[in-house]
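Asker: Below are the chains, spelled out letter by letter.
There are 4 protein chains.
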Amino acid sequence: MNGVLETEKQGVSLEDLKNKMADFAKERDWDQFHSPRNLLLALVGEMGELSEIFQWKGEVPRGLPDWKEEEKQHLGEELSDVLLYLVRLSDICGVDLGKAALRKLDLNAKKYPVMLCKGSSTKHNQLSEKQ
Amino acid sequence: MNGVLETEKQGVSLEDLKNKMADFAKERDWDQFHSPRNLLLALVGEMGELSEIFQWKGEVPRGLPDWKEEEKQHLGEELSDVLLYLVRLSDICGVDLGKAALRKLDLNAKKYPVMLCKGSSTKHNQLSEKQ
Amino acid sequence: MNGVLETEKQGVSLEDLKNKMADFAKERDWDQFHSPRNLLLALVGEMGELSEIFQWKGEVPRGLPDWKEEEKQHLGEELSDVLLYLVRLSDICGVDLGKAALRKLDLNAKKYPVMLCKGSSTKHNQLSEKQ
Amino acid sequence: MNGVLETEKQGVSLEDLKNKMADFAKERDWDQFHSPRNLLLALVGEMGELSEIFQWKGEVPRGLPDWKEEEKQHLGEELSDVLLYLVRLSDICGVDLGKAALRKLDLNAKKYPVMLCKGSSTKHNQLSEKQ
Numbered sequence: 055m056n057g058v059l060e061t062e063k064q065g066v067s068l069e070d071l072k073n074k075m076a077d078f079a080k081e082r083d084w085d086q087f088h089s090p091r092n093l094l095l096a097l098v099g100e101m102g103e104l105s106e107i108f109q110w111k112g113e114v115p116r117g118l119p120d121w122k123e124e125e126k127q128h129l130g131e132e133l134s135d136v137l138l139y140l141v142r143l144s145d146i147c148g149v150d151l152g153k154a155a156l157r158k159l160d161l162n163a164k165k166y167p168v169m170l171c172k173g174s175s176t177k178h179n180q181l182s183e184k185q
Numbered sequence: 055m056n057g058v059l060e061t062e063k064q065g066v067s068l069e070d071l072k073n074k075m076a077d078f079a080k081e082r083d084w085d086q087f088h089s090p091r092n093l094l095l096a097l098v099g100e101m102g103e104l105s106e107i108f109q110w111k112g113e114v115p116r117g118l119p120d121w122k123e124e125e126k127q128h129l130g131e132e133l134s135d136v137l138l139y140l141v142r143l144s145d146i147c148g149v150d151l152g153k154a155a156l157r158k159l160d161l162n163a164k165k166y167p168v169m170l171c172k173g174s175s176t177k178h179n180q181l182s183e184k185q
Numbered sequence: 055m056n057g058v059l060e061t062e063k064q065g066v067s068l069e070d071l072k073n074k075m076a077d078f079a080k081e082r083d084w085d086q087f088h089s090p091r092n093l094l095l096a097l098v099g100e101m102g103e104l105s106e107i108f109q110w111k112g113e114v115p116r117g118l119p120d121w122k123e124e125e126k127q128h129l130g131e132e133l134s135d136v137l138l139y140l141v142r143l144s145d146i147c148g149v150d151l152g153k154a155a156l157r158k159l160d161l162n163a164k165k166y167p168v169m170l171c172k173g174s175s176t177k178h179n180q181l182s183e184k185q
Numbered sequence: 055m056n057g058v059l060e061t062e063k064q065g066v067s068l069e070d071l072k073n074k075m076a077d078f079a080k081e082r083d084w085d086q087f088h089s090p091r092n093l094l095l096a097l098v099g100e101m102g103e104l105s106e107i108f109q110w111k112g113e114v115p116r117g118l119p120d121w122k123e124e125e126k127q128h129l130g131e132e133l134s135d136v137l138l139y140l141v142r143l144s145d146i147c148g149v150d151l152g153k154a155a156l157r158k159l160d161l162n163a164k165k166y167p168v169m170l171c172k173g174s175s176t177k178h179n180q181l182s183e184k185q
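Quick note, the sequences are listed as chains P, F, L and S, same order.
Residue numbers for the first sequence, in the working numbering: 55 to 185.
Residue numbers for the second sequence, in the working numbering: 55 to 185.
Residue numbers for the third sequence, in the working numbering: 55 to 185.
Residue numbers for the fourth sequence, in the working numbering: 55 to 185.
Don't read these hints as lab results, they were simulated from the structure.
Worth double-checking, as some hints may not be accurate.
Copies of the same chain are indistinguishable here, so a pair counts whether it falls within one copy or spans any two.
[Said to hold, decoys possible] Calculated cross-link-like contacts (lysine to any residue; reagent style SDA-like; alpha-carbon spacing at most 20 Å):
1) Lys153 - Val168
2) Lys74 - Gly173
3) Lys122 - Lys172
4) Lys164 - Gly117
5) Lys74 - Asp85
6) Lys165 - Asp85
7) Lys74 - Lys153
8) Lys74 - Glu103
9) Lys158 - Val168
10) Lys172 - Glu131
11) Lys72 - Glu113
12) Lys165 - Leu118
13) Lys153 - Glu113
14) Lys111 - Gly148
15) Lys153 - Asp83
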């Protein structure tokens, strides 16, 4: 099976993004700026840009049916910026983000048992507050 | 090659996390709460919890050498919460986050050419502001 | 005219909150923790808590007519936490927040002339993006 | 005593900013866009812009002695944007922000008694986590 098909089948991995980000910074000699708190603030900055896309729109339906292609592409870029800084911050802190995410999914499954949580907004709210 | 080794080799994919999040919400009948702006605000909430971990610490060195195991695990959980809501928000908006991230990496490589950016904090700052 | 009536008439001033926050920190010997970036991250943390209040609610009408008194009080506390850290951050950075805000209001009035902006959502969006 | 001196003495009040923001929106017919969650997301957007100012700087000393006048003015503008949207959000939600802030200061004084908290970073951290 060749590489392209493999990637197509497996999807993009966090490991791969981590390596690409590390190479990117190294090539530009930017490691010196990538301290944990610098990256954290950069991440907050990108969250702000993501929020700005949604700020004057009121509630928008799933799938964003009325958005122009250009707006969706812009959204994809801001979502990516958040992801890329998150991956980089995790790497710089020495956290394996993929493993941590799988572990958190397990914790969430225990914290929110299907039988207890199913379909109830009230429960969802209360449980979320304890999160 | 068995599944575990395969995952070990490939790392955790965004596609996989997306599917796990979708199953998680479906099982609990939580799709009704997962509108784009609800998820966006949940993401902002998790960014806040991530920031709280770093808030009174002053600058911290890479790799967090002085942090207790417990603190690192907590950090991993908050980084994961940000990731999981980001993956879910992308899915609900109809954005393929993995593809978008690879595309953004390409755009960044063009925006910040190695020759122009290498090692200069001043340039890094200025270029970042235009980002 | 006595002090209470004066305050009642004038409202709460930013100067007053700044002084109260400075006294609060000084009494507890917390100035050592109140560096600009520590306070900024604390502010982001509070923004997260504020967002959590609204995260699973969908769009809510002005005045929050359906909220319980307890929920409104919680909201008041989170809005205050954001304000108090913002006031403190400004003080520690040497910015006179009240003067800066009046100046920004003037800048906004020039940037968004009534004749150009009135009632148009499209213009509001476009102008906001340039903000 | 004339108005200017009075303002000079009292400082800028939250009540005053609230009224100015309400007039600003009314004149431009922007009340239609100022729903609670729209304003909350706008506030998050401004928090992001504020964070961007500090993102690549590493720890900065109090008073920002090395910043150019232009940078300090930019900082004042972003701090003001956060404040102005916070004031507007509070107004639209029916929260008296000044009163809420004074009340929160009282709550904080009870939560962090001077005798218990004085000078201890450990206690400060632990108490903050419970905040």
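Asker: Would you mind marking each hint as holding or not holding in the structure?
Answerer: Against the structure, the hints:
no. : hint            : verdict
1   : Lys153 - Val168 : neither (23 Å within a copy, 32 Å between copies)
2   : Lys74 - Gly173  : between (40 Å within a copy, 18 Å between copies)
3   : Lys122 - Lys172 : neither (35 Å within a copy, 24 Å between copies)
4   : Lys164 - Gly117 : neither (30 Å within a copy, 30 Å between copies)
5   : Lys74 - Asp85   : within (13 Å within a copy, 33 Å between copies)
6   : Lys165 - Asp85  : between (38 Å within a copy, 18 Å between copies)
7   : Lys74 - Lys153  : both (18 Å within a copy, 14 Å between copies)
8   : Lys74 - Glu103  : neither (23 Å within a copy, 26 Å between copies)
9   : Lys158 - Val168 : within (16 Å within a copy, 37 Å between copies)
10  : Lys172 - Glu131 : neither (34 Å within a copy, 24 Å between copies)
11  : Lys72 - Glu113  : neither (34 Å within a copy, 22 Å between copies)
12  : Lys165 - Leu118 : neither (31 Å within a copy, 28 Å between copies)
13  : Lys153 - Glu113 : neither (34 Å within a copy, 26 Å between copies)
14  : Lys111 - Gly148 : between (38 Å within a copy, 17 Å between copies)
15  : Lys153 - Asp83  : neither (28 Å within a copy, 26 Å between copies)
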